[in-house]
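Which chain is which? The protein sequence lines are A and B, in order. Going by this note's numbering, the first residue of the first sequence is number 3, and it counts up by one from there. Going by this note's numbering, the first residue of the second sequence is number 494, and it counts up by one from there.
FYI, nobody ran anything at the bench for these hints, they're computed from the structure. Note that the structure is a prediction, hence the values are computed from the model and not measured. Worth double-checking, as some hints may not be accurate.
FRET-style restraints, in silico, Cβ to Cβ [to be verified]: (1) B:SER731 - A:GLU58: 58 to 66 Å; (2) B:ASP649 - A:SER37: 55 to 63 Å; (3) A:LEU102 - B:LEU795: 28 to 36 Å; (4) B:TRP517 - A:SER159: 41 to 49 Å; (5) B:THR805 - A:LEU102: 50 to 58 Å; (6) B:PRO808 - A:GLY240: 48 to 56 Å; (7) B:TRP517 - A:GLY240: 17 to 25 Å; (8) B:ARG852 - A:ARG198: 28 to 36 Å; (9) A:LEU102 - B:ALA690: 52 to 60 Å; (10) B:ASN801 - A:GLU72: 49 to 57 Å; (11) B:SER540 - A:GLU103: 55 to 63 Å.
Just so you know, even glycine gets a beta-carbon here, dropped at the ideal spot from N, CA and C.
If you want the building blocks of each chain, they are given just below.
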Amino acid sequence: MLKCLIFISVLGLSALTLAQSDDKGFEIAARSDRSDLGFSDSEVELSMVLRNAAGEESSRRLRIATLEKENEEVGDKSVVVFSTPKDIEGTALLSHAKILEPDDQWLFLPALKRVKRISSANKSGPFVGSEFAFEDFTAIELNKFEYRFLRTESCGSLQCDVLERRPRYDSSGYTKQISWVDQTDFQIRKVEFYDRRGDLLKVLSLEDYRQYSNGAWRPHTLHMENKQTNKQTTLRYGNYVFNQGLDDRDFVKSKLQRLR
Amino acid sequence: MNTLRGAVYTLLVLLSAPTLGGEWDWHADAELELRAFSDTPKWPGQSDKSVHSAIALSGELYWLSESGDQRAALVPYLRHDAIDEERNLVDLKQAYWAMEYGSGALDLLIGVDKVFWGVAESTHLVDIVNQTDAVADIDGEQKLGQLMLKLSWQEDWGLLSVFALPMFRERNFAGTEGRLRAGAVIDSDYAQYEHAAEDRHLDWALRYSHYFGDLDLGLSAFKGTLRDPLLLPNADGSVLVPHYQQVDQVGIDAQYTRNAWLWKLEAVWRSSSLDNYIAAVAGFEYTHFGLFDSAADLGYLLEYQYDNRHDTEPPSIADNDVFIALRLALNDVQDSSVLTGLLIDIESDAVLFNVEAERRFGSNTVGKLRLRVIEAPQEDLILYSLQHDSYLQVSLQRYF
Chain A
3 MLKCLIFISV LGLSALTLAQ SDDKGFEIAA RSDRSDLGFS DSEVELSMVL
53 RNAAGEESSR RLRIATLEKE NEEVGDKSVV VFSTPKDIEG TALLSHAKIL
103 EPDDQWLFLP ALKRVKRISS ANKSGPFVGS EFAFEDFTAI ELNKFEYRFL
153 RTESCGSLQC DVLERRPRYD SSGYTKQISW VDQTDFQIRK VEFYDRRGDL
203 LKVLSLEDYR QYSNGAWRPH TLHMENKQTN KQTTLRYGNY VFNQGLDDRD
253 FVKSKLQRLR
Chain B
494 MNTLRGAVYT LLVLLSAPTL GGEWDWHADA ELELRAFSDT PKWPGQSDKS
544 VHSAIALSGE LYWLSESGDQ RAALVPYLRH DAIDEERNLV DLKQAYWAME
594 YGSGALDLLI GVDKVFWGVA ESTHLVDIVN QTDAVADIDG EQKLGQLMLK
644 LSWQEDWGLL SVFALPMFRE RNFAGTEGRL RAGAVIDSDY AQYEHAAEDR
694 HLDWALRYSH YFGDLDLGLS AFKGTLRDPL LLPNADGSVL VPHYQQVDQV
744 GIDAQYTRNA WLWKLEAVWR SSSLDNYIAA VAGFEYTHFG LFDSAADLGY
794 LLEYQYDNRH DTEPPSIADN DVFIALRLAL NDVQDSSVLT GLLIDIESDA
844 VLFNVEAERR FGSNTVGKLR LRVIEAPQED LILYSLQHDS YLQVSLQRYF
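Assemble the whole structure, with the sequences as input and the hints as a guide.
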């Protein structure tokens, strides 16, 4: 009986420590996440270049509009609109991100003028055939993860804090991610993604950071490399436009068919 | 004529737009379609060629004003069929000007547009605004442009839209030489209308749509000319004549989305001078994401179709039918997908087997494949008349 109780309390204790971030890890992640607090809304055009293991490339152009929700318990709203390939021009994905619950997502199909509510359970699936999963691409919210500080080491010309983050939401394709956050501008420079078996799956490098007049930093080249398949995806961003006065009415399903 | 006048006004707005500035966007595409029928034709007059070809051209011109509160679109569509001239079509799918007021709270649209209502995959019951381009494809998903004045009001509690629909578009049907028709040809030249205003009758529609957590809900009402006609034999019985009724219709469409499950319901209550009836379709789509640890998704679809209309109403093949299907999406660079399904009529045992596959080639071309096999016993009048019309269709669509 006593043994049993001890066993339970040990189990309980370890569950407790697993479920909590360590303070230092969370603070570093929070400082990075909050460095653009108050950007209000943003819009950016980008190209996505997909390259397979044989080196064959194909590309897509898209635009992303984001509405910030300053409350960290509520997720941001975003719309992704494709302009190429031409057969999917005008295809738009609307997301109302949640923290731990599945996001609300709608897809607009221009050929039929049809808006479909889609399942967002597909977090680990590839986003439009790329090496980015849906969960890498939709807004990364601070409280979607728990954090652990690992170490400090140099990353290029900067010093970085290295954090482990584990998803708190269901159906992630990852057991953990290791992220490198620099100590100068508090931006994420690199992320390693570990699959459900715990093996290294992908490495993301975030480069070409620029600071905008509102103080927000944004990377302008994101390079994702799948270490298991050797496929790669590169995102190249144009200039961000901030604070255009977008509101909730710009992120409703009826608005999707007006976008190009 | 009204469509033409609407188009001319839209064109004038579009032509004057460059002086106003704003953003312009255009694209065009051409599609070549080949349909191969395995059986010889069943009915006299039908072309005995086993391969029917058609070409379709479409363009889109879109303008958004500098301030973003005005927009206009022009989408012409042309189709030429090498055998059946009733499949030829000159249409404007869109030709409108629209304006927002109060940062998007109100939106007014004048001109030709296309709207889609509903959630189901196997049939589209609530979707009544646009006439079906019935000869384009038997799936009923291709539509003709509809002239309208639409006022929409978007608030926190949802979207409310009122439609005034001043001009009715007649449904198109296969001609004498064409396949996928019954023994008697349907001759639209003698179309009859219940209302004296005929195709100038002003139809009205109202729609509310919103979402509540995991539930997306649409409620709709329609008063006017029913898009599906009754088909009546003419005096000497040589042809069938479409007869367009006046109806009142109330509809609901709802989808509950939970994890990988989509639960769907569409229902309409319709009242005409001949009958009151209910039609409904309900079912689910469950998706198995990441099949066998790959990027591919496999969806399982099941829908049941119900309809209690009287025999005097326009016939429906979706009266007591089960639709089962699999949807495979490879999630690859080419967006390859295959939907394969069976529609089974529980009463007559008629079966429609359907495959729809698509894949992009390069960056500007999409290849599509359609296989439709019809197996029907004699007592299923509609499908039995199409018994010889199973076909395989291959098309290539090139974007510019």
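Could you tell me which of the hints above the structure violates, numbers in ascending order?
Hint 2 is the one this structure does not satisfy, whereas the remaining hints hold.
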